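Asker: The residues making up each chain are set out below.
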Amino acid sequence: MLPLQLIVALVCGLAIVALLFWGAKLLAGQTIGRVVLLVGVVALPLLLSVGNISYGIHQSSTTAFCLSCHEMRSYGKSLFADSRQALAAVHYQNRLVDRETVCYSCHKDYAMFGDVTAKLNGLRHVWAHYVAGVPKKIALYRPYPNSNCLHCHDDMRRFVEGAAHRPILGALYAGTTSCLSCHRSAHDMAKVEAGDLWQAQ
Amino acid sequence: MTTVDVTRKIRRSAVVAGLGLALQLAAALHWTPATFILSAAIGLPLVIAGGAMFLAAVWRNMRDKGAL
Numbered sequence: 001m002l003p004l005q006l007i008v009a010l011v012c013g014l015a016i017v018a019l020l021f022w023g024a025k026l027l028a029g030q031t032i033g034r035v036v037l038l039v040g041v042v043a044l045p046l047l048l049s050v051g052n053i054s055y056g057i058h059q060s061s062t063t064a065f066c067l068s069c070h071e072m073r074s075y076g077k078s079l080f081a082d083s084r085q086a087l088a089a090v091h092y093q094n095r096l097v098d099r100e101t102v103c104y105s106c107h108k109d110y111a112m113f114g115d116v117t118a119k120l121n122g123l124r125h126v127w128a129h130y131v132a133g134v135p136k137k138i139a140l141y142r143p144y145p146n147s148n149c150l151h152c153h154d155d156m157r158r159f160v161e162g163a164a165h166r167p168i169l170g171a172l173y174a175g176t177t178s179c180l181s182c183h184r185s186a187h188d189m190a191k192v193e194a195g196d197l198w199q200a201q
Numbered sequence: 001m002t003t004v005d006v007t008r009k010i011r012r013s014a015v016v017a018g019l020g021l022a023l024q025l026a027a028a029l030h031w032t033p034a035t036f037i038l039s040a041a042i043g044l045p046l047v048i049a050g051g052a053m054f055l056a057a058v059w060r061n062m063r064d065k066g067a068l
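Read top to bottom, the protein sequences are chains A and B.
So the first sequence is numbered by the numbering used here: it starts at 1 and just counts up by one.
So the second sequence is numbered by the numbering used here: it starts at 1 and just counts up by one.
In isolation and in its complexed conformation, chain A is listed as follows:
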């Protein structure tokens, strides 16, 4: 359920539209009445809809939204895998990304159309969930791009000065060597299946 304020606003908008439906005959005959109709039937519903949809788009970036599909539950559990190597677990448990939007932080492309691409991919996920069927093995649509890692790690001192990174920095920036070629474990599904999970005290 969305926040109560949004629901109350939608209910009020709906009530106003209903009132204007019954009062249309009276209001249409007066100038001020026509302005009231314009505001109540056009501006207010439009404003409420834009607010509702933009809040929904914001909500669709949350971890809870991603994990609301059962196919993603085990990936959600992998955030708690007792692992110091698995990227998802390390980033989540050490609060390297915002926990509220952890899936989105790592799986959206950045740059100008990153959000749009992520939302379009989200539509494909929903289509697969409800219509086409979820593939047996869930995989990314394309190899994980270094640019997603570099969005945060780009000029991070620990990254730039890391002994393992220094010789291949150019290749990492160019994307010719994948970050995942060394950091192989993104989601530690073996630990999830074994129930080897970490929980903050």
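Just to be clear, a hint being listed does not mean it is correct.
[To be verified] The calculated DMTMM-like cross-link candidates involving lysine to aspartate or glutamate, where the alpha carbons are at most 25 Å apart (straight line), are:
hint, chain 1, residue 1, chain 2, residue 2
1, A, K119, B, D64
2, A, K137, B, D64
3, A, K191, A, D155
4, A, K108, A, D155
5, A, K137, A, E71
6, B, K9, B, D64
[Unchecked claim] To spell it out: a stretch of chain B is covered by chain A in this simulated footprint if at least three of its residues, at any positions, have a beta carbon under 8 Å from a beta carbon of chain A; those stretches are:
hint, segment
7, 2 to 14
8, 17 to 25
9, 28 to 37
10, 40 to 48
11, 53 to 62
None of these hints come from the bench; they were simulated from the model.
Since the model is a prediction, treat every value here as computed from it, not as a measurement.
C-beta atoms are modelled at their ideal positions from N, C-alpha and C, and glycine is treated no differently.
Start from chain A and add chain B according to the hints.
Answerer: Frame of chain A; chain B shown alone:
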């Protein structure tokens, strides 16, 4: 266009916009990825259609009265 015609068209536009809002309200109460998409793909266009119908009715009425 008579006053009765304008009123009828305004009421029709209010019904369409109201349906859009009602759909969004239902989706907000039962919030899932599917209802969000329904809300955005059907609810919002219905509200826009209701507004457009209202404006079209008023514009035609003003044109008929020579008020444009």
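Asker: Has the given pair, A:K191 with A:D155, been kept, meaning a C-alpha gap of at most 25 Å?
Answerer: Given pair A:K191, A:D155 is violated - Cα atoms ~32 Å apart, limit 25 Å.
Asker: Would you check the hint for A:K137 and B:D64, treating anything up to 25 Å between C-alpha atoms as holding?
Answerer: Since the Cα atoms of A:K137 and B:D64 sit roughly 63 Å apart, the hinted pair is violated (cutoff 25 Å).
Asker: At a Cβ distance under 8 Å, does chain A reach at least three residues of the segment 17 to 25 of chain B?
Answerer: holds (count 7)
Asker: A:K119 and B:D64 were given as a pair; does the straight-line alpha-carbon distance stay at or below 25 Å?
Answerer: Not satisfied, since the Cα-Cα distance of roughly 45 Å exceeds 25 Å.
Asker: If you draw a straight line from the CA of A:K108 to the CA of A:D155, is it 25 Å or shorter?
Answerer: Roughly 20 Å separates the two Cα atoms, so the pair holds.
Asker: Taking a Cβ-Cβ distance under 8 Å as contact, does the segment 28 to 37 of chain B have three or more residues in contact with chain A?
Answerer: holds (count 9)
Asker: For the segment 40 to 48 of chain B, does the count of residues with a C-beta closer than 8 Å to a C-beta of chain A reach 3?
Answerer: holds (count 5)
Asker: Is the Cα-Cα distance between B:K9 and B:D64 25 Å or less?
Answerer: Answer holds: B:K9 to B:D64 is near 15 Å, not above 25 Å.
Asker: Can you take a look at whether the segment 53 to 62 of chain B is actually covered by chain A? Rule is 3+ residues, C-beta closer than 8 Å.
Answerer: holds (count 3)
Asker: Is it true that the CA of A:K137 sits at most 25 Å from the CA of A:E71?
Answerer: holds, 10 Å
Asker: The segment 2 to 14 of chain B covered by chain A? Criterion: 3 or more residues, Cβ-Cβ distance below 8 Å.
Answerer: Result for this restraint: holds, n = 7.
Hints 1, 2 and 3 from the earlier list are contradicted by this structure; the remaining hints agree with it.
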